[in-house]
Structure formats: C-alpha cells, structure tokens
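2 protein chains.
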Amino acid sequence: MACAPDPSSNKNNSSILSQQVKRFSRIPASWGAHAWSIGREDPRRAIHALKVGTALALVSLLYILEPLFKGVGKNAMWAVMTVVVVQEFTAGATLCKGLNRGLGTVLAGSLAFIIELVAARSGKVFRALFVGSSVFLIGFAATYLRFFPTIKKSYDYGVVIFLLTFNLITVSSFRQENVVPIARDRLITIAIGCAICVFMSLFVLPNWSGEDLHYSTVHKFEGLARSIEACVTEYFQDRDKDDNILDKQESRASIQIGYRAVLESKSSDETLAHYASWEPRHSMRCYSYPWQKYVKLGSVLRHFAYTVAALHGCLESEIQTPPSVRSLFRNPCTRVAREVAKVLQELAISIRDHHRCAPDELSDHLHEALQDLNSAIRSQPRLFLGSKHACANSRVVMELNSGKNTAATTTRTTLPSSKTDTASLLERRKAKADQPPSGSRNERTTLRPTLSKIAMTSLEFSEALPFAAFASLLVEMVVRLEMVMEEVKKLERAANFREFTGHDCLAIDVTSNERMRNPNGVPLHSHTVSTAAE
Amino acid sequence: MACAPDPSSNKNNSSILSQQVKRFSRIPASWGAHAWSIGREDPRRAIHALKVGTALALVSLLYILEPLFKGVGKNAMWAVMTVVVVQEFTAGATLCKGLNRGLGTVLAGSLAFIIELVAARSGKVFRALFVGSSVFLIGFAATYLRFFPTIKKSYDYGVVIFLLTFNLITVSSFRQENVVPIARDRLITIAIGCAICVFMSLFVLPNWSGEDLHYSTVHKFEGLARSIEACVTEYFQDRDKDDNILDKQESRASIQIGYRAVLESKSSDETLAHYASWEPRHSMRCYSYPWQKYVKLGSVLRHFAYTVAALHGCLESEIQTPPSVRSLFRNPCTRVAREVAKVLQELAISIRDHHRCAPDELSDHLHEALQDLNSAIRSQPRLFLGSKHACANSRVVMELNSGKNTAATTTRTTLPSSKTDTASLLERRKAKADQPPSGSRNERTTLRPTLSKIAMTSLEFSEALPFAAFASLLVEMVVRLEMVMEEVKKLERAANFREFTGHDCLAIDVTSNERMRNPNGVPLHSHTVSTAAE
Numbered sequence: 079m080a081c082a083p084d085p086s087s088n089k090n091n092s093s094i095l096s097q098q099v100k101r102f103s104r105i106p107a108s109w110g111a112h113a114w115s116i117g118r119e120d121p122r123r124a125i126h127a128l129k130v131g132t133a134l135a136l137v138s139l140l141y142i143l144e145p146l147f148k149g150v151g152k153n154a155m156w157a158v159m160t161v162v163v164v165q166e167f168t169a170g171a172t173l174c175k176g177l178n179r180g181l182g183t184v185l186a187g188s189l190a191f192i193i194e195l196v197a198a199r200s201g202k203v204f205r206a207l208f209v210g211s212s213v214f215l216i217g218f219a220a221t222y223l224r225f226f227p228t229i230k231k232s233y234d235y236g237v238v239i240f241l242l243t244f245n246l247i248t249v250s251s252f253r254q255e256n257v258v259p260i261a262r263d264r265l266i267t268i269a270i271g272c273a274i275c276v277f278m279s280l281f282v283l284p285n286w287s288g289e290d291l292h293y294s295t296v297h298k299f300e301g302l303a304r305s306i307e308a309c310v311t312e313y314f315q316d317r318d319k320d321d322n323i324l325d326k327q328e329s330r331a332s333i334q335i336g337y338r339a340v341l342e343s344k345s346s347d348e349t350l351a352h353y354a355s356w357e358p359r360h361s362m363r364c365y366s367y368p369w370q371k372y373v374k375l376g377s378v379l380r381h382f383a384y385t386v387a388a389l390h391g392c393l394e395s396e397i398q399t400p401p402s403v404r405s406l407f408r409n410p411c412t413r414v415a416r417e418v419a420k421v422l423q424e425l426a427i428s429i430r431d432h433h434r435c436a437p438d439e440l441s442d443h444l445h446e447a448l449q450d451l452n453s454a455i456r457s458q459p460r461l462f463l464g465s466k467h468a469c470a471n472s473r474v475v476m477e478l479n480s481g482k483n484t485a486a487t488t489t490r491t492t493l494p495s496s497k498t499d500t501a502s503l504l505e506r507r508k509a510k511a512d513q514p515p516s517g518s519r520n521e522r523t524t525l526r527p528t529l530s531k532i533a534m535t536s537l538e539f540s541e542a543l544p545f546a547a548f549a550s551l552l553v554e555m556v557v558r559l560e561m562v563m564e565e566v567k568k569l570e571r572a573a574n575f576r577e578f579t580g581h582d583c584l585a586i587d588v589t590s591n592e593r594m595r596n597p598n599g600v601p602l603h604s605h606t607v608s609t610a611a612e
Numbered sequence: 079m080a081c082a083p084d085p086s087s088n089k090n091n092s093s094i095l096s097q098q099v100k101r102f103s104r105i106p107a108s109w110g111a112h113a114w115s116i117g118r119e120d121p122r123r124a125i126h127a128l129k130v131g132t133a134l135a136l137v138s139l140l141y142i143l144e145p146l147f148k149g150v151g152k153n154a155m156w157a158v159m160t161v162v163v164v165q166e167f168t169a170g171a172t173l174c175k176g177l178n179r180g181l182g183t184v185l186a187g188s189l190a191f192i193i194e195l196v197a198a199r200s201g202k203v204f205r206a207l208f209v210g211s212s213v214f215l216i217g218f219a220a221t222y223l224r225f226f227p228t229i230k231k232s233y234d235y236g237v238v239i240f241l242l243t244f245n246l247i248t249v250s251s252f253r254q255e256n257v258v259p260i261a262r263d264r265l266i267t268i269a270i271g272c273a274i275c276v277f278m279s280l281f282v283l284p285n286w287s288g289e290d291l292h293y294s295t296v297h298k299f300e301g302l303a304r305s306i307e308a309c310v311t312e313y314f315q316d317r318d319k320d321d322n323i324l325d326k327q328e329s330r331a332s333i334q335i336g337y338r339a340v341l342e343s344k345s346s347d348e349t350l351a352h353y354a355s356w357e358p359r360h361s362m363r364c365y366s367y368p369w370q371k372y373v374k375l376g377s378v379l380r381h382f383a384y385t386v387a388a389l390h391g392c393l394e395s396e397i398q399t400p401p402s403v404r405s406l407f408r409n410p411c412t413r414v415a416r417e418v419a420k421v422l423q424e425l426a427i428s429i430r431d432h433h434r435c436a437p438d439e440l441s442d443h444l445h446e447a448l449q450d451l452n453s454a455i456r457s458q459p460r461l462f463l464g465s466k467h468a469c470a471n472s473r474v475v476m477e478l479n480s481g482k483n484t485a486a487t488t489t490r491t492t493l494p495s496s497k498t499d500t501a502s503l504l505e506r507r508k509a510k511a512d513q514p515p516s517g518s519r520n521e522r523t524t525l526r527p528t529l530s531k532i533a534m535t536s537l538e539f540s541e542a543l544p545f546a547a548f549a550s551l552l553v554e555m556v557v558r559l560e561m562v563m564e565e566v567k568k569l570e571r572a573a574n575f576r577e578f579t580g581h582d583c584l585a586i587d588v589t590s591n592e593r594m595r596n597p598n599g600v601p602l603h604s605h606t607v608s609t610a611a612e
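Residue numbers (our numbering), protein chains in the order written: chain A, 79 to 612; chain B, 79 to 612.
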C-alpha cells in the first residue's frame with residue numbers, strides 16, 4: 079500500500095538537507111578561521127610561507143627562462159629540490175641545513191670520484207661487485223654514524239645528503255663513463271638553490287633563532303611569575319565560594335601553562351641555541367654572543383620551576399590544610415609570592431631590554447616579605463602541633479559525617495575545621511568506588527579498597543604537614559631565585575648588557591607586540607607589570 | 079759556528095716524535111672504541127645499519143642488472159633516494175614515512191596533472207605565467223599547512239614530498255609535452271623503494287616502536303624506584319662521613335637520571351606511540367593495542383615525578399634540617415620510600431610481563447610503613463615547635479662560630495644542633511663572596527650582599543620547616559602513587575593483560591637482556607628486585 083507523500087515530512091527532509099548543506103558549507107569557513115587563527119598567533123608564519131613560495135617561483139625561472147635553462151639544463155631540478163628542503167623558518171636553521179647539504183654533497187662527490195677511479199680500470203663484473211659492495215659499506219657506515227650523539231645533534235641531515243649523493247653518483251657511474259660532470263652540475267645547482275634560500279632567509283624579513291631564544295627566555299620568566307601568583311592566590315582562596323567551577327578550572331589551567339612551558343623547554347632551547355650559533359650577529363653588541371648561556375639559564379630556570387610544580391602540587395594535593403589555618407598565613411605568603419613574581423618580572427624586563435638588572439631594588443621587598451612570613455609562623459607555634467591533636471583519638475573517621483563547617487570562624491587550627499576537607503575527599507572516593515567501603519576488606523581482588531585505605535591512613539596524620547610543606551617550598555623558591563639571579567648576572571656579563579641607569583624602565587608595559595614573537599605558539603595572556611604601582 | 083749534534087737531544091726529539099705518532103695512532107683506536115661502545119649500548123643500531131646497507135645494495139641492482147635496468151631505466155634513481163630517506167630505525171616509522179611519501183607523491187601527481195590540463199591549451203607566455211604562479215601558490219599553501227598542529231604532527235614529511243613532487247612535475251611539464259609518464263615512472267620507482275624498505279623493516283629483524291614504548295615505560299618505573307630509594311638514603315646519610323665526595327656526587331647524579339628520564343619523556347613517548355599506531359599487531363593479544371594509554375600513563379608518571387624532583391630538591395636545599403632531627407625519622411621515612419619503590423618495581427614487572435598486578439600485596443606493607451611514619455611524627459610533637467625556639471632570640475647569627483657539633487648526640491631538636499648546617503652555609507657564602515659581609519650594606523652596587531641577606535633571613539625561621547616538607551612530600555608521593563596505580567589498571571584492562579595468578583613472578587630478576595632495549599641510550603644499572611626476600 080502506497081501512502082500519499084506527507085508534505086510536512088517533505089518539508090522536514092528539505093530542511094534537513096538545507097541544514098546539511100549549510101553545515102558542509104560551514105566547513106571551509108571553519109577551516110579558514112582555523113588557518114587565520116594560526117596566522118594571527120604568529121604572523122611570521124604567513125610571511126615565511128610567502129617567502130617559500132617566492133623562492134620556489136624564483137628557482138623555477140631557471141627552468142622557465144630560456145637563457146637560464148641553457149646554462150643549467152635539466153639539473154635545475156636539483157635547485158628546486160634544494161629550495162624545498164633547505165628553506166627553514168629561521169635564518170640559522172636555513173644556514174645550518176644549507177651548509178650540511180653543501181658539505182654532504184662535496185664529500186660524497188669526492189668519495190664517489192675516488193671509487194670511480196678504482197672502478198674505471200676494471201671489467202664489468204668486477205665493477206658491478208665493486209659498486210655494489212661500496213654502496214653497501216658506505217650505507218652501513220653512514221647509517222651507523224648517525225647514531226653518534228655529536229653527529230646526530232649537528233650533522234644528521236648532512237650525513238643523509240652524503241649518502242644520497244654518494245649513491246646517486248656511484249650508481250649512475252656504472253652506466254655513464256664520465257661521472258665528474260654529474261657531480262659538478264649537481265653541486266652547482268645545489269649551490270644556486272642554497273644561495274636563493276640563504277638570500278630569502280637573511281635579507282627578506284629574516285626570522286632569527288637567536289631572537290626567538292631571547293624572547294622565549296623572557297616569556298619563561300613572565301610565565302613563571304604568573305604561575306606563582308596564580309598558585310598562591312588559588313591556595314588562599316575561599317573554598318566555599320565554588321559557584322564558579324569553570325573559572326577555577328581555567329585559573330588552574332593557566333597556572334600549569336607558565337611552568338609547564340619552562341619544564342618542557344629543554345629541547346627547543348637547545349635547538350634554538352644551536353641554530354642561533356650559525357647566525358651572523360645582527361643587532362647584538364658583542365661578536366660571539368653567548369647563546370649557550372641562555373641554555374644554561376634555561377636549565378637553572380627548570381630547576382626553579384620544579385619548585386613551582388611542587389607548589390602547584392600542594393594546591394592539587396588530596397590532603398589539604400584546613401582553610402582556617404591557611405587564612406592565618408594568607409597575607410605573608412601572598413606577599414612573598416608577589417615579591418618573587420616581581421623579581422621574575424624585573425629580570426624578564428632587564429633581559430628583554432638588554433640592560434643589567436637593579437641589584438638591591440630586586441630583593442629589598444622580598445627581604446621584608448620573608449621577615450613577615452617569619453614572624454607570622456613564629457606567632458603560631460601551636461600550628462605544628464596539629465598532628466598530635468588530630469591523631470590522638472581514632473574517632474576521626476567515624477565522626478566525619480557530622481559537624482561540617484563548624485570551625486569556619488576559629489582562627490587556631492583545631493581538628494573540627496579539618497573535617498570539611500577530609501569528609502569531602504572521602505565522599506568523593508565513595509562516589510567513585512563501586513562497592514561500599516564496609517564490605518571492601520573481604521574483596522581482595524579489586525585495587526580500590528586498598529587504595530582508599532592508603533589515602534585514609536595518610537590523612538590521619540598529615541593535616542599539619544601540608545602547610546609546612548607549602549611554606550617551605552616558598553622559602554626554597556626564594557633560595558633558588560638566588561641561583562636564577564646569579565645566572566642572569568652571568569648572562570648579562572657575557573652578553574655585555576647595558577649598565578642599569580635608573581628606575582625609569584620598571585614601569586614598562588609587557589603587553590607590547592611580543593605576542594608575535596612567542597615561539598611556542600601558546601597565546602600569551604596580556605598583563606601589566608605591577609612594579610610601578612608599588 | 080756549528081755545534082755538534084747532541085745525541086741526548088736527538089734522542090729526546092725522536093722520543094717526542096714517537097709519542098706524537100703513538101698519540102695520533104691512538105685516535106682511530108679511540109674512535110673505534112667509541113663506535114664499539116655505541117653499538118654495544120644497543121646492538122640494534124649496528125643491525126639497522128647493516129639493514130640499510132643491504133637495502134641500498136638491493137636497490138642498486140635495479141641499475142646494475144641489465145634486465146631490471148631495461149624495466150625502470152634511469153628512474154631507478156628515485157628508488158635509491160626513497161630507500162635512503164624512508165628506511166627508519168623502527169617498523170612503524172618506516173611505514174609512516176613510506177606512506178607519507180607515497181601519498182604526497184600521488185596527490186602531487188594528480189594536482190600537477192590537472193594543472194597540466196589547463197596549461198596545455200595555452201600559449202607559451204601564459205603557460206610560463208601559469209606555471210610560475212601555481213608554483214608560488216602551492217608553495218605558499220603547503221608551507222603554511224605545515225604550521226597546522228595536526229599536519230605538523232603526522233604529515234609534515236608528506237607535505238614536503240608533495241611540494242617536491244609537484245614542483246618537479248609542474249616545472250618539467252613546461253619543457254616536456256606529456257608529463258604523465260614522468261609521474262607514473264616516479265610513482266612506480268618510489269613504490270619499489272618503499273617496498274624494499276617495508277620488507278627490510280617488517281621482515282628482517284624488525285624493531286618495533288611499540289616494544290620500545292612498552293619497555294621505556296617499564297624502565298621509567300624502575301628509574302623512579304631507584305631515584306626515590308637513593309634520594310631517601312642520601313637524605314638520612316651521615317653528613318660527617320664525607321670522605322667519599324666523589325661517591326656522593328655519583329649517587330646524586332644517579333638520583334637525577336631516574337626522574338629526569340621521566341620528566342623529559344613527553345615528546346619521545348608521543349613519537350613512539352604515533353609510530354606504534356602504524357605497526358601491525360605483532361605479538362600482542364588484542365587488535366587495537368592501546369598505545370595512547372601508554373602516553374597517558376607517561377603523563378601521570380610525570381606528575382608523580384614532580385614530587386620526586388621536589389624530594390630531590392629537599393636534598394639539595396640550602397636550608398637543611400639538622401642531622402640529629404633527621405636521624406629520628408630515618409627508619410620510618412626510609413621504610414615508606416622503600417615500599418613506594420617496591421610498588422613501582424612490581425608495577426614495572428607486571429607491565430613488562432603483560433600480567434595484571436597483585437592488588438593487595440602492593441600496598442599492605444606501604445600501609446604499615448605509613449602508620450610507622452605517623453606514630454614517629456606523633457611521638458615528636460616538639461619538633462614542629464622548633465621555629466619558635468630557634469627564633470626567639472636573634473643571637474643566632476652571632477653565636478654561629480661557636481659550639482659546633484655539640485648536639486650530635488641529642489635526640490630532640492634544639493637550636494645548637496642546627497648550627498652546624500647554618501654555619502657551614504654561611505662559611506661557604508663568605509668564601510664565595512668577594513667582600514666580607516660586614517661591609518656589604520654600604521655597597522649597594524653588587525648583588526651578592528642582598529642575596530646572602532635573603533638567605534640568612536630565610537634561615538632564621540626555616541630549620542623546622544624542611545623536614546615537614548620532606549615528610550609531606552613522601553605522603554603526597556604515596557597519594558600520587560595511587561593515581562599511577564589507577565592508570566596502570568586502566569592500561570591493563572585496555573591491553574587485556576593476563577590475570578594475576580600468584581607470587582611466582584615477583585622474584586624475577588630485572589637484569590635480563592633489557593639493556594639492549596633501552597631506547598634512551600642510558601646504560602641501565604643492573605639490580606635485583608628485593609620482593610621475594612620480604
């Protein structure tokens with residue numbers, strides 16, 4: 079039985095169809111928006127792409143224009159290949175790759191020439207054997223060489239090109255009498271390709287690895303400063319006001335961004351410093367710019383960032399000091415953190431502007447802040463007795479579900495105030511676990527009961543400890559800041575920074591156009607340095 | 079006046095000469111030893127080099143043997159190039175690169191064909207302009223595409239090959255009428271090259287990225303276990319016995335190796351998991367092996383390792399709890415650390431052997447150890463009052479040079495016992511600084527006085543804190559260990575590990591032939607798991 083077409087379903091169908099069409103038509107738009115955002119994050123990317131396009135169009139002229147084609151002939155292909163492979167984002171990387179390619183080709187050409195000399199005098203079968211075995215041997219040796227750490231670090235690409243060229247020349251020599259022209263033509267066209275790349279990299283809107291390294295170091299300082307401030311603010315925030323869970327998650331994520339970028343910077347630092355050492359000294363004041371000092375500073379900063387990560391760990395820890403205790407130390411701790419952040423900000427500014435940092439101004443406030451924290455801790459000796467009070471009776475766990483929030487107004491640390499955190503943790507655990515904790519002891523096949531047992535045991539005695547850890551980490555952070563300052567001073571001396579002249583530069587806004595120089599692609603949060611206000 | 083040749087000086091000269099000759103003759107020997115050590119660290123390297131040599135010799139046969147040469151002709155070169163560039167250390171990497179190369183070539187060939195269709199019908203000048211502008215546009219677009227994170231991660235090489243092939247074909251089409259044979263021949267020879275590479279990678283002594291990832295995860299657990307044990311042993315070691323400074327430095331360095339390897343494993347983990355996802359499931363029991371779970375486990379392990387780094391920070395901190403205090407807690411702390419290390423070891427074994435870990439045995443001892451630490455801390459409540467006693471009077475700094483080591487036998491924490499560390503720190507600072515601290519307040523141009531001022535301020539109040547931080551970090555470590563166990567459990571479930579059957583496997587020696595599987599090239603310290611003895 080055929081049913082009459084329902085006009086409404088038809089309408090529905092067409093509306094679904096039009097929705098689908100709309101959705102598909104939105105795909106290119108969303109791709110376009112994505113592409114646009116990538117370019118806006120760092121406009122140098124679009125410029126680099128334009129440069130590569132131009133270089134390729136230029137090198138194609140070798141093939142397209144009659145007089146040029148007569149000169150180089152079909153070997154123009156090698157120039158095209160060279161441009162595709164050698165042109166890199168920064169000047170240093172292009173120079174390094176170009177030199178590797180040139181060196182690899184020259185060495186391979188010479189070696190192939192020697193082998194050709196030997197092979198030329200022999201019969202066909204011997205020649206085939208000789209070519210085959212030399213290809214095998216050189217292939218083995220070159221591949222093995224790539225595992226050497228020094229080669230791997232600086233000349234990996236050169237070895238690949240060496241192997242490539244050697245094989246191409248040696249194998250073609252088997253069917254071609256005179257192999258020298260091949261090698262010469264290849265070398266010339268590669269040189270042309272390299273020349274175009276180097277010209278585009280060095281003279282047309284160049285990107286410098288050295289500058290990237292310099293500004294990424296500055297951003298590391300700024301990111302750490304933000305992390306520390308956010309971390310301490312978060313730690314002393316009122317837990318009861320959890321109406322903005324999304325906001326909280328966002329602020330926690332922003333804490334991570336700062337120190338994670340430092341912790342994960344090792345390989346990018348080393349690569350940038352390696353490429354920077356190839357770059358001509360463009361705008362710097364001394365002839366051998368100490369790029370390795372930046373790497374060293376990066377490693378000291380990582381050492382500092384471990385403390386920041388541990389501080390963040392205090393924030394995320396399952397065992398928390400009761401809010402009432404924390405609030406006692408809010409002001410001195412926040413002040414120490416703010417001063418540490420300020421020192422980091424000032425170091426960032428002094429590195430960015432290539433001037434030496436002000437020696438005493440950097441740490442006078444820090445000194446006072448530490449003394450404040452000192453007296454605050456001294457004024458609350460009973461705090462560190464907390465563990466005894468807390469663990470004297472084992473009724474703790476039994477009483478957990480009663481008496482929440484009763485101690486919100488007490489100023490001294492007492493057991494009841496710590497119940498809030500403990501109870502919430504236990505509840506969370508209960509919700510997560512499949513069985514009720516009461517029956518868990520008998521079911522030894524699952525991990526969960528054992529785990530919560532561990533967590534509970536640790537809770538019994540550690541309410542008093544976490545704040546001590548937090549304070550200790552703050553102090554340790556100040557001590558490590560000293561090492562960072564030492565290292566910055568060494569960098570300043572080695573790089574010949576300007577002498578410090580006064581306070582005028584401390585009020586500079588950091589939100590200038592450094593967004594485009596951020597090499598990690600992480601969008602920087604704009605913010606103002608609060609130095610001038612203090 | 080000619081003087082007679084002095085026979086002794088002649089002898090001297092010849093001996094110097096022979097020494098020089100000897101030294102130079104030793105250079106190849108030392109290089110040989112270096113090469114040998116690299117191969118011995120991971121014999122798969124030498125095997126890989128042999129495989130590349132063989133693949134190159136095989137692909138040269140295309141050119142050397144008459145019947146094969148008649149088939150492919152001069153395009154055999156592309157096969158040689160493909161082998162040089164595509165053959166990678168592991169099967170997954172070779173497959174990934176081969177597919178990228180194939181896909182890039184096919185796409186570029188198709189696009190070039192379309193452009194050829196348009197260009198073929200036009201005059202010479204228009205054609206030149208059209209070819210030039212398409213080279214520019216595609217060059218721009220492809221280079222820009224390489225900045226997209228998803229493309230950069232998986233298809234970077236494919237885009238380079240696309241650009242290379244497109245340019246080669248488009249530019250040659252300008253002087254050659256029919257471009258289809260070029261594209262076809264190139265594709266065939268590249269396919270031959272890829273086939274040889276894939277054959278050598280998959281069927282001749284293959285190296286699997288997945289296996290590397292699996293064993294590197296196991297080694298991470300073992301390294302962390304070693305780090306934690308060494309760290310705690312070092313922390314409670316008697317500082318007076320510093321006859322073996324070299325030994326101490328070595329043990330400190332070995333602490334770092336363990337957790338640094340974990341902290342710096344992010345990019346290598348991701349690369350290995352990416353390549354592993356390309357590999358056919360060789361010896362695993364399920365069809366889509368959860369390599370991403372390994373990456374997740376790696377990130378949880380990094381989170382754990384931050385605590386280990388912070389623990390190591392306690393060891394290296396400038397502010398130290400007096401040895402007398404530390405010795406009070408030696409046994410419980412060492413026990414907790416040993417149990418944590420044991421759990422890590424057992425997790426390592428269970429992952430290595432693809433069986434599920436024993437649920438309760440893992441944490442029963444840990445539970446007891448935590449309770450021990452608990453009662454130890456409860457029995458010493460005055461410890462956490464230390465700060466008040468220590469800072470009540472400000473004579474601390476004045477008295478520093480007297481009364482060293484007087485408190486070595488006291489069991490409770492008192493101020494004098496902390497002087498040893500404070501004094502030694504101050505002495506070190508004095509020796510390092512150029513001017514005596516007394517005159518420092520007036521010389522505000524140098525950083526040093528300010529810095530030591532900070533350090534001294536922090537010392538005044540923090541003798542009591544560092545141990546609290548240390549203990550808190552140990553407890554935090556246990557809590558984070560729980561997260562690691564959760565993640566291991568998820569991995570076990572996803573990867574379908576065998577059920578745990580009994581204790582028989584806990585006594586397995588870890589020193590088996592995993593040395594050769596260590597992907598970081600760090601020689602592993604052989605050691606035996608002490609589980610069976612307990």
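It should be emphasised that the hints constitute simulated quantities derived from the structure, not laboratory data. We put the CB at the ideal spot given by N, CA and C, even for glycine. Fair warning: there could be bad hints in the mix.
As the list claims (entries may be wrong) - Below, a sample of chain B positions facing chain A; criterion: calculated Cβ distance under 7 Å:
#, residue
1, GLY180
2, LEU181
3, VAL184
Unchecked claim - Computed Cβ-Cβ distance ranges for the label pairs, DEER-style:
#, chain 1, residue 1, chain 2, residue 2, range
4, B, GLN449, A, HIS112, 51 to 57 Å
5, A, ARG101, B, LEU195, 55 to 61 Å
6, A, GLU312, B, ARG330, 55 to 61 Å
7, B, ILE125, A, ILE229, 33 to 39 Å
8, A, SER103, B, PRO145, 28 to 34 Å
9, A, HIS112, B, ARG330, 44 to 50 Å
Cross-check of the supplied hints:
1. GLY180: violated, 18 Å
2. LEU181: violated, 17 Å
3. VAL184: Violated - the Cβ of VAL184 (chain B) stays beyond 7 Å from chain A, reaching only about 17 Å at its closest.
4. B:GLN449 <-> A:HIS112: 51 to 57 Å: Between GLN449 (chain B) and HIS112 (chain A), where Cβ atoms are some 55 Å apart, the hint holds.
5. A:ARG101 <-> B:LEU195: 55 to 61 Å: violated, 32 Å
6. A:GLU312 <-> B:ARG330: 55 to 61 Å: Taking Cβ atoms as reference, GLU312 (chain A) and ARG330 (chain B) lie about 33 Å apart, which means the hint is violated.
7. B:ILE125 <-> A:ILE229: 33 to 39 Å: Given range 33 to 39 Å: violated, Cβ gap about 19 Å.
8. A:SER103 <-> B:PRO145: 28 to 34 Å: With Cβ atoms ~55 Å apart, the hint is violated.
9. A:HIS112 <-> B:ARG330: 44 to 50 Å: holds, 48 Å
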